[in-house]
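Enquirer: This is what each chain is made of:
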Amino acid sequence: MSTKKLLLGDEAIALGAIHAGLSGVYAYPGTPSTEITEFIQKDATASARGLHSRWCTNEKTAMEAALGMSFMGKRALVCMKHVGLNVCADPFVNSGMTGVNGGLIVLVADDPSMHSSQDEQDSRFYGKFAMIPTFEPSNQQEAYDMMAAAFAFSEQQCLPVLMRVTTRMAHSRAVVTVAEEAAEERPLNYDAVAANWVLLPANARRRNDKVTAQQADLEQAAAESPYNKYVEGADHRWGIIASGIGYNYVMECFPDGVPYPILKISQYPLPKQLVRKMLKDCDRVLIVEEGQPFIEDIVRGISPLQPEHEGEPTVCGRLDGTLPRTGELTPDAVKRALGIAVAEGLPVCDDIVARPPALCQGCGHRDVYTALNEVLAEFDHPRVFGDIGCYTLGFLPPFRAIHSCVDMGASITMAKGAADAGQWPSVAVIGDSTFTHSGMTGLLDAINENADITVIISDNLTTGMTGGQDSAGTNKFEAICRGLGLSDEHLHVVVPLPKNMEEITRVIRDEINYHGTSVIIPRRECMQTLQRHLKQKKNQTK
Amino acid sequence: MKTDIILCGVGGQGILSIATIIGEAAIQQDLYIKQAEVHGMSQRGGDVQSNLRISDRPIASDLIPLGTADVIISMEPMEALRYLPYLKRDGWVITSSAPFKNIPNYPDLSVLQADLAKLPHVVSIDIEQMAKDNGISRSANVILLGAALKALGIERETAEAAVRQVFGRKGDSVVEANIKALAIGQAAQN
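Chains as they are written, first to last, in this note's numbering: chain P, 158 to 699; chain B, 255 to 444.
Take these hints with a grain of salt, some might be off.
[To be verified] As a list, the in silico DSSO-like pairs of lysine-lysine whose alpha-carbon atoms are at most 30 Å apart:
id, chain 1, residue 1, chain 2, residue 2
1, P, K695, B, K386
2, P, K692, B, K355
3, P, K694, B, K342
4, P, K656, P, K692
5, P, K692, B, K424
Calculated directly from the structure, the hints in this document are not laboratory data.
Assemble the whole structure, with the sequences as input and the hints as a guide.
Expert: Here it is, written out as structure tokens:
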């Protein structure tokens, strides 16, 4: 029995996982992956079964917990944005060495064009060097269907599966045909080969040989996968290799059917035998892939084609400029690559101006930056190390308050390094959720050396940027700082409101003038969650 | 039959609920639909847009190619103008006339009005004021949808059924307010 639902790509993934007999999802919020876990948190079947869906402190704790669930024989899902994979790179790569017991899917949502991210990294490279098979759905239906297939493949190969999606897949809705019932969860299973899970060098070498040898099987499976297909075309002047969402843009260009041979790729390792067939049959090959030139690099490595045919390059894609080297693909970029005319719309209107995002009116981060700017104006060369969250918007006018934003938690450690170099004042601004994600260890380094830094943990009681998810450290920040060894004398809590400006500026000034590590916690609820909570309260009293 | 729609506005103005109603109407008619939206940082008061595609044949791309959109529905006049290169030469613009000024360099409104007036098919109405005057201040976006029904090729009855489906959970008064909003919008367009 099946039914139709209008689902975001992320929701299709979540429902696909539940229907495949998932036992737990582990994740830290990150655009564009957040809605997967949120869907599971609200799903009736997931609640009735008590599936794990609570937010984790960071991607590393999530990945390790999911691996532990798999170790016990159950199906587990871990979700993150692309840069989250950097945070959990250690357990991710080594899960390829241990292998799995219950199926394990590592869902990573890449963000080409950086709508809400600091880089454009393509997670398929991680799959390749970790020797972990990778799936890449090209539409919402495939994303749903692939979850059951990927869990089964993970169990069959005893390896995790990396499922890679991109923004337009994660955040686009379509009607998806779904099952009406969820498969049963897996029972606990004690058959995992214990030695595989203990990566002492002797075991790890054995596993490394095994997994390396297994790569040929994985490539053969990809060649036979229903998600990879080679469709013949009469015109052999071109062949097209298209992966993930790139495939849709090619199909958009040819509503009446593609005249050229086309190879759709949604499962890796790249099946080189299918690529070789295309290289042999076609004069030129165009590679259409969302993200970095991953397939293109491999194809260039195996291509027997001459570099040019009739004066034109033979392997075309992002590297030779046939498609833009960076940024998201668009149907128009693919049209241009194929020599199809782009429709002319109305001309660009010259009178419009940019409308960048901004901190909400009434947001506590605003008061923090107002106070900080007032105090720092008294110093010659202050440096403020920022972090990842809404408060990164403090870089923009009217505040222009931060000098760095690199990765989760970097504010504290970079401020310490700058102080070590002789910088003063050296200030870190970090949010509550980012602090527990990756800031606590850096604060311990600072406290152990009594580094001359002032740390502002701007606590809005939520993970704000991604829409207001629970923050792991709520109500624990003073205890955490004390536990790390900070003295009460240099630990302050203030309420960031305009009426408290005198107190806040005094505290900041005093702690900058103290030549050691101090922490100031401005604490006031996020405006977004506050409005939601007030609305809920109003509805309850109705 | 194929309709490509760009929905736009400023983060928080509620373009996604317009998309939800149109999507529901499409599903009731058993049409194919794709709707791409952007979440995250841009939702904090920045410009936001969603690509909504409806067709009686399967839809390949989640994004609308340049110069092919049939309709731009905008909650804000400057935002309507931002996406003109995506609009067909004879496409429709349905926009709220009230500016949302959260930036210091917002252009002179008369300049924007003149730009809008140059377009072949434009409906520019003050949905906020109309919503307030009719005591349905929370349904301004549905007034805009009502004004877009003709350009979208959606029958009023279909839109009403979709509103019932989408808002049913929130109670009869919310449903009635939004059905009234559709009628007000449709009347304003004519």
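Enquirer: Does each hint hold? Answer for all of them.
Expert: Outcome of the hint check:
1. About 22 Å separates the Cα atoms of K695(P) and K386(B), which keeps this hinted pair within 30 Å; it holds.
2. Restraint check for K692(P) and K355(B): satisfied, since their Cα atoms lie roughly 26 Å apart, inside the 30 Å limit.
3. Simply put, K694(P) and K342(B) have alpha-carbon atoms about 46 Å apart, too far for the 30 Å limit, and the pair is violated.
4. Taken as a hint, the K656(P) and K692(P) pair is honoured in the structure, with Cα atoms around 26 Å apart against an allowance of 30 Å.
5. Using a Cα cut-off of 30 Å, the hinted pair K692(P) and K424(B) holds, with the two alpha carbons roughly 13 Å apart.
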